[in-house]
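Enquirer: Here are the chains, one letter per residue:
Number of protein chains: 4
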Amino acid sequence: MSRKLRMGMVGGGPGGFIGNIHRKAAMLTGEIELACGAFSSRREKSGEMGRHLYLEPGRVYDSYVQMIEHEAVLPIPERVDFVSIVTPNYLHYPVAKYALEKGFPVICDKPLTIRYEESRELAAVAEAKSLPFAVTYVYSGYPMVKEARTRVLRGDLGKIRKVIATYTQGGLSKLLEAEKQKKPLWRLDPVKGGKAGSIGDIGTHAEHIVRYITGLAINEVYADLHITIAGRKIFDDGDILVHLDNGANGVISLSQVASGEKNNLAVAVYGERGSLEWKQQEPNSLVLKWGDRPSEQLKTGLNSPAVESDTLAATILPAGHPEGFIEAFSNIYRGFVCTVRRGLLKEHVNCSVPDYPEINDGVAGMAFIEAALQSTEAKKWIKVKA
Amino acid sequence: MSRKLRMGMVGGGPGGFIGNIHRKAAMLTGEIELACGAFSSRREKSGEMGRHLYLEPGRVYDSYVQMIEHEAVLPIPERVDFVSIVTPNYLHYPVAKYALEKGFPVICDKPLTIRYEESRELAAVAEAKSLPFAVTYVYSGYPMVKEARTRVLRGDLGKIRKVIATYTQGGLSKLLEAEKQKKPLWRLDPVKGGKAGSIGDIGTHAEHIVRYITGLAINEVYADLHITIAGRKIFDDGDILVHLDNGANGVISLSQVASGEKNNLAVAVYGERGSLEWKQQEPNSLVLKWGDRPSEQLKTGLNSPAVESDTLAATILPAGHPEGFIEAFSNIYRGFVCTVRRGLLKEHVNCSVPDYPEINDGVAGMAFIEAALQSTEAKKWIKVKA
Amino acid sequence: MSRKLRMGMVGGGPGGFIGNIHRKAAMLTGEIELACGAFSSRREKSGEMGRHLYLEPGRVYDSYVQMIEHEAVLPIPERVDFVSIVTPNYLHYPVAKYALEKGFPVICDKPLTIRYEESRELAAVAEAKSLPFAVTYVYSGYPMVKEARTRVLRGDLGKIRKVIATYTQGGLSKLLEAEKQKKPLWRLDPVKGGKAGSIGDIGTHAEHIVRYITGLAINEVYADLHITIAGRKIFDDGDILVHLDNGANGVISLSQVASGEKNNLAVAVYGERGSLEWKQQEPNSLVLKWGDRPSEQLKTGLNSPAVESDTLAATILPAGHPEGFIEAFSNIYRGFVCTVRRGLLKEHVNCSVPDYPEINDGVAGMAFIEAALQSTEAKKWIKVKA
Amino acid sequence: MSRKLRMGMVGGGPGGFIGNIHRKAAMLTGEIELACGAFSSRREKSGEMGRHLYLEPGRVYDSYVQMIEHEAVLPIPERVDFVSIVTPNYLHYPVAKYALEKGFPVICDKPLTIRYEESRELAAVAEAKSLPFAVTYVYSGYPMVKEARTRVLRGDLGKIRKVIATYTQGGLSKLLEAEKQKKPLWRLDPVKGGKAGSIGDIGTHAEHIVRYITGLAINEVYADLHITIAGRKIFDDGDILVHLDNGANGVISLSQVASGEKNNLAVAVYGERGSLEWKQQEPNSLVLKWGDRPSEQLKTGLNSPAVESDTLAATILPAGHPEGFIEAFSNIYRGFVCTVRRGLLKEHVNCSVPDYPEINDGVAGMAFIEAALQSTEAKKWIKVKA
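Residue numbers (my numbering), protein chains in the order written: chain P, 59 to 444; chain B, 59 to 444; chain F, 59 to 444; chain D, 59 to 444.
Keep in mind that the hints were calculated from the coordinates and are not lab data.
Virtual Cβ for every residue (Gly too), placed ideally from N, Cα, C.
Do not rely on the hints blindly, as some may be mistaken.
Pulled a few chain D residues facing chain B out of the computed Cβ check, cut under 7 Å [unchecked claim]:
no., residue
1, K155
2, P352
3, E354
4, Q355
5, L360
6, P363
7, A364
8, S367
9, D368
No more than 20 Å apart at the CA atoms, straight line, and that leaves these computed lysine to aspartate or glutamate pairs for DMTMM-like [claimed, not checked]:
no., chain 1, residue 1, chain 2, residue 2
10, F, K443, F, E91
11, P, K232, D, E330
12, P, K155, P, E416
13, P, K232, P, D214
14, D, K291, P, E416
15, D, K250, D, D350
16, D, K438, P, D247
17, P, K62, B, E114
18, D, K62, F, E91
19, B, K337, F, E340
20, D, K187, D, D214
21, B, K438, F, E136
22, P, K232, D, D350
23, B, K232, F, E185
24, F, K217, F, E91
25, F, K437, F, D413
26, D, K437, P, D368
27, F, K337, B, E340
28, F, K437, B, E435
29, B, K438, F, D350
30, P, K62, B, E91
31, P, K337, F, D350
32, P, K438, D, E435
33, P, K337, D, D350
34, F, K232, B, E435
35, F, K232, B, E235
36, F, K160, F, E136
37, F, K62, D, E114
38, B, K62, P, E114
39, B, K232, F, E435
40, F, K404, F, E176
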């Protein structure tokens, strides 16, 4: 008889945002139970979180090392099936590496690492061990983003000519670094979050969605990154010209100092026969603009007309019933868990969500970040490593 | 030590829509585990669903009677804490009554019953037993609907003058009754779903949201209900004039034969100082239109400016990260479960979501349906029973 | 050689709104010159307006009687070709009647008259004299409203089942009657504007657009009109159930006490194969929602794909270049002027805008008003006179 | 006694788009009459247009030279007060120069010239002659663009940090150059329209609106211009990084090969306290997004709350009544004509629209084009000439 998969979480302690999302996304699949966690490097915080989550006290750990070591020697019917990593960025690399080495599949938040080389190393280990590795580029989990990809890849728009992706937030509008806050500001610390700052935090989302929808690689970038606020140590804004590998051009413009903006990610893709537009704040719609007929608005929904099969597979509800960020996140987990289930449990299951961002996507994200940093310094076009 | 609450479900077998939503909504709270279910009146269907949900075979029942009887005699550390009812409408009454009589709190889909008298009887039993009883008017679980209510109740708009609620769907555009479908058509059977048809299915949602946002009762209605499609036995469309108890007037217009519409619920409330507008298809926004200053658009989000505390309590994500239908549904469960937890487990917990639709809301919904049916027949204004 | 037509205006003095619109709409046709006017019943006001409009002093009159008499005896190469009436409502009847009797075609603002009988009388005179008579139901001049009509009439939506028209404004939110204002409040005076108040002011627009788009007559109404503000003498709000002559039902809901609303007219038409939606605040779009394929958004524009010929004829600009209220108004003038040109000047011209609201539309509007008033008093369905 | 001003037009023959707009915009002011024109370099075309416009045959000229010479010697009560130039780009320079030299104020379409030096020369002549010279950057005529400017200049958003302007059209999606068309393709001819192509056609609009709203100069650009379609001789697409003179950064992205797009101009300006967003396709709204309070939506309209005086001055209609492209265009004429009236007729008039784009704006546009062309070739940041 089949069973739910057991998840172990590293990071996601009290007050954190992304750990809570990962847990809700995992629960929403109906395929996962949270079995253990090392939620904080502070013992009492990890314990507090464990109680809040109704976990057995014996499965709440003080550190990721303790968790992975302990779980690795548990009998198979008890031990976790995979590890979810939701720590600050600089810990992704050591935690993921250790988990892989001990044989656990990994699902990890983005950006994959702090440095490009680390990401390459993780990819090598995952490949050597033949272990699934997901990177939670959540926006590719939205049904309408999948629909956009299907439409572009099958040629509805014709050859892609141009992309414009904008991603603006206002969260770093003030010099939070100067405020005494309870909330740890690791994102603003170049050591813990990376010098790339907003480029890693939101820029890689924009980069991934461009690659995901178009199926094209970004060949080279000309980046104009900025530290807008005096006293800040990471880039908080940037405009990046891109050349795609089919000859298309475009721009990714992003900011976390755009006061008043709330996670405003939008992407437009222009082709020779038509264009498409998707906005994360209204994620259940996809607008298709045609040169020779009226614009169409596709709507998410199981019974929505003319929506493609991969989109429907990533959809829970009938048309007109909005799905949101957690549902998109859950789709990443659904795809990953299915792969894990096939590999570990040798189950013959159909994966309802066939694709999810894999470690190579995480590596590509790091290559993009690296190229953007170099271009800003050199004031030249820089090739993105393949 | 605290624990998750155990839920038993009646209804929600394979292929059903609403059972799946209830389960996902419950899981999303992080406070509930599905412990048992009588998912179908057909044994093999119930068993299939139980396996799909990874339930213990011994807790998958063949009938609601069997489930309630068996669970009622289980030792307290095992038995379910409450019953969730997601059956066709005509079964709400017997299942809820039996569950209440055996001492289980109930959360039930809407409309509460087929007949008004049944709803009164359930209310009497629930009161006599002092048991919590939630009715899943899901739209009141959306953060921005809560915000709308708070704004109106504290007087931001001044005295309410008018409401316009429209709710259009296209699902019944064709005479599905004539088609041989796998999907059971209980909604189209006046015995199983109620003669009121669309008035019960979507009209009561519109009625509840009007009452919820304004805090006003509907005093009387003039209804013009229609059976649009020849051969149909239930009302599939209606326009209902309403008079509220503060003297305001308005209209509820609804249809399930509006071909092309996808769960398009919209409500506008007009007051002496301003108006507000909420649309279910873009649920994370609330538009406030003022007589003397620019319109405002409020956005859902933990860090969204100027959003009220009850709204924030019903919010999971930061601003700009859309929440949807399941999250709203989950808020009904969050409120209900907190009440159950306080009552049954005697826990001193703060209910993050303070309010949920209770049995009196379900009764009011049935009174509205009854009045609309009578008005249509009599072609007169009919008082809605208090 | 051809020439511009000469227009004489009655009403539209300093500070007035609608006179200015009529003049700009007329100028925008490129087919009309303002030749004379009786802009106000106060001589100095009329003169002031004449100077502001750079008119010859000898063609600025003190009264409509003086203007019509004087113009009627001018030699043909000088005298006006038609009369535009933009006075308060109660003057439409005497001015129009006198102009018709003296042989002038008339273009008149709505509602056509104060009383239904007056409108019938005007229709009789116009017919007897074979004179063109336009009523400026401006919204039917919008290209996308014409497109909606074409689509419905040729059957794209299938049989029409339901209409919902809402028209909300906030302009009468306060008891302006109690304020000493410079601006004359004739609209609030039942003698000058009509007891129907908002029903005549905006309700007839909603009524006309429903009839125009669907091509169906309103057979009967059940009206619930209100005087919201104590001390007011005209209806300022109303909800009106309607039955159309093909069996469709629907509602027209309107208010001028909806504080915060700004001329918010929206109409939705539901058919057996699809629905359409048009909103006056974004008039260059028409949304078509289909049961079996994605929604379409049509855009105004000379080169817009899939837009019909009558729509294109009423369009000035390429797609993406917004047209507004004055352009719509101008289309009424374009159609009317073409008819006048054919009749009076015997020119063989193609009318670029083939249709405009005629006197029968004005009469239908008055019949609707009368039925709504009677229904409110009698609390019964009232047949609308044909 | 005052009078309308007399306009002479060069260009705008049969089938042309922009000449028709200029004429309608001029008429809409109520301050201008079209007195003469040289509508085409082909005599019969010019005559045909003159008849269509009901002009006196003697005032319809065969060439701009003939027109300017002839008008210059007419008695003052007859001769034109200013010249409107709506020819292909390459003729702007000689026509404007000749008109200025003969003493006529000029209103000219954009881009001002083909080469930057020509624009400087025109500016020198206009200054030497003290003649008003308007360049029809139409988008600055929209009321909500004026509102945006007022808000930014008075500091509502705080220091400006970033701008994103996108302008996409699909008109050049195909190689029209290869088609035999009736319509002359001067825009696609580098000699007649300029090698800059789309940069001159729509890029300068984006450039002007950025400068107009922010009040900031563009210091330097890094441009990545493209000829997307093989066989084309002008740039049809480009992404341009910009640095503003207060240290802000941003991007202007434009395309005329974005199939399906219809004149989709959008501009977003981000400041330290909030952001604003304006979209040309819905020009009557301006969205203000604040860091510390809900977003606001301002609406065009005489009685719209909280709209500033310069905005109101550029507004014709009450709120909720949409104004469009021609109304915006007309505002350019209103401002220009008022200046001409003051200068030529020595009238003491209040200019209802106080500002319009002047020749220096046209020169700045040419400097921007020149810098973008140079940057594309040199692959370096290029300073924009002041």
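Enquirer: Run every hint past the structure and note whether it holds.
Expert: Against the structure, the hints:
1. Here the hint on D/K155 is broken, as its CB sits about 46 Å from the closest CB of chain B, past 7 Å.
2. Satisfaction of the interface hint for D/P352 is found here, the shortest Cβ-Cβ separation to chain B being roughly 4 Å, below the 7 Å cut-off.
3. Nearest Cβ of chain B to the Cβ of D/E354: about 4 Å, under the 7 Å cut. The hint holds.
4. About 4 Å separates the beta-carbon of D/Q355 from the nearest beta-carbon of chain B, less than 7 Å, and the hint is met.
5. For the restraint placing D/L360 at the interface with chain B, the shortest Cβ-Cβ distance is roughly 15 Å, beyond the 7 Å limit, so the hint is violated.
6. At a threshold of 7 Å, the smallest CB-CB gap from D/P363 to chain B is about 5 Å, leaving the interface hint in force.
7. Nearest Cβ of chain B to the Cβ of D/A364: about 5 Å, under the 7 Å cut. The hint holds.
8. Hint on D/S367 is violated. Least Cβ distance to chain B is approximately 16 Å, over the 7 Å limit.
9. Interface hint status for D/D368: violated, as the beta-carbon distance to the closest one in chain B is roughly 17 Å, over 7 Å.
10. Taking the CA atoms of F/K443 and F/E91, the gap is about 38 Å. The hint is violated against a cut of 20 Å.
11. The suggested pairing of P/K232 with D/E330 holds, with an alpha-carbon distance near 8 Å, which does not exceed 20 Å.
12. The straight-line distance between the Cα atoms of P/K155 and P/E416 is roughly 15 Å, inside the 20 Å bound, and the hint therefore holds.
13. Note on P/K232 and P/D214: the hinted pairing is violated, with a Cα-Cα distance of about 43 Å set against a maximum of 20 Å.
14. With a C-alpha separation of about 43 Å, the suggested pairing of D/K291 with P/E416 is violated against the 20 Å cut-off.
15. For the given pair, D/K250 sits about 51 Å from D/D350 by alpha-carbon distance, which is inconsistent with the 20 Å threshold.
16. A threshold of 20 Å between alpha carbons decides the hint, and for D/K438 with P/D247 the separation of about 32 Å lies outside it, so the pair is violated.
17. With a C-alpha separation of about 12 Å, the suggested pair P/K62 and B/E114 falls inside the 20 Å cut-off, and the hint holds.
18. Distance restraint check for D/K62 and F/E91: the Cα-Cα separation of roughly 13 Å lies within the 20 Å cut-off, and the hinted pair is therefore satisfied.
19. Only pairs whose Cα atoms come within 20 Å are accepted, and B/K337 paired with F/E340 is accepted, the gap being roughly 17 Å.
20. For the given pair, D/K187 sits about 39 Å from D/D214 by alpha-carbon distance, which is inconsistent with the 20 Å threshold.
21. Restraint check for B/K438 and F/E136: not satisfied, since their Cα atoms lie roughly 61 Å apart, outside the 20 Å limit.
22. As the CA atoms of P/K232 and D/D350 are separated by approximately 12 Å, the hinted pair is consistent with the 20 Å bound.
23. About 46 Å separates the Cα atoms of B/K232 and F/E185, which puts this hinted pair outside 20 Å; it is violated.
24. Restraint check for F/K217 and F/E91: the C-alpha separation of about 44 Å exceeds 20 Å, so the hint is violated.
25. Using a Cα cut-off of 20 Å, the hinted pair F/K437 and F/D413 is violated, with the two alpha carbons roughly 37 Å apart.
26. Only pairs whose Cα atoms come within 20 Å are accepted, and D/K437 paired with P/D368 is rejected, the gap being roughly 42 Å.
27. With a CA separation close to 17 Å, the supplied pair F/K337 and B/E340 stays within the 20 Å bound.
28. A C-alpha spacing of about 15 Å is found between F/K437 and B/E435, which places the hinted pair at or below 20 Å, so the restraint holds.
29. Distance hint between B/K438 and F/D350 is unfulfilled; the C-alpha atoms sit about 38 Å from each other, more than 20 Å.
30. With a C-alpha separation of about 13 Å, the suggested pair P/K62 and B/E91 falls inside the 20 Å cut-off, and the hint holds.
31. Among the hinted pairs, P/K337 with F/D350 is inconsistent with the structure: their alpha-carbon atoms are about 24 Å apart, more than 20 Å.
32. At roughly 14 Å between alpha-carbon atoms, P/K438 and D/E435 fall within 20 Å of each other, so this suggested pair holds.
33. For the proposed pair P/K337 and D/D350, the alpha carbon gap of about 23 Å is over 20 Å, so the pair is violated.
34. Restraint check: the Cα-Cα separation between F/K232 and B/E435 comes to about 38 Å, which exceeds 20 Å; the hinted pair is violated.
35. In summary, the hint linking F/K232 to B/E235 is not supported, as the alpha carbons are separated by about 52 Å, beyond the 20 Å threshold.
36. For the given pair, F/K160 sits about 16 Å from F/E136 by alpha-carbon distance, which is consistent with the 20 Å threshold.
37. Between F/K62 and D/E114 the CA atoms are separated by roughly 12 Å; this keeps the pair inside 20 Å, and the hint holds.
38. Only pairs whose Cα atoms come within 20 Å are accepted, and B/K62 paired with P/E114 is accepted, the gap being roughly 12 Å.
39. For the hint linking B/K232 to F/E435, the alpha-carbon distance of about 38 Å lies beyond 20 Å, and the restraint is violated.
40. The straight-line distance between the Cα atoms of F/K404 and F/E176 is roughly 31 Å, outside the 20 Å bound, and the hint therefore fails.
Violated hints for the displayed structure, listed by number in ascending order: 1, 5, 8, 9, 10, 13, 14, 15, 16, 20, 21, 23, 24, 25, 26, 29, 31, 33, 34, 35, 39 and 40.
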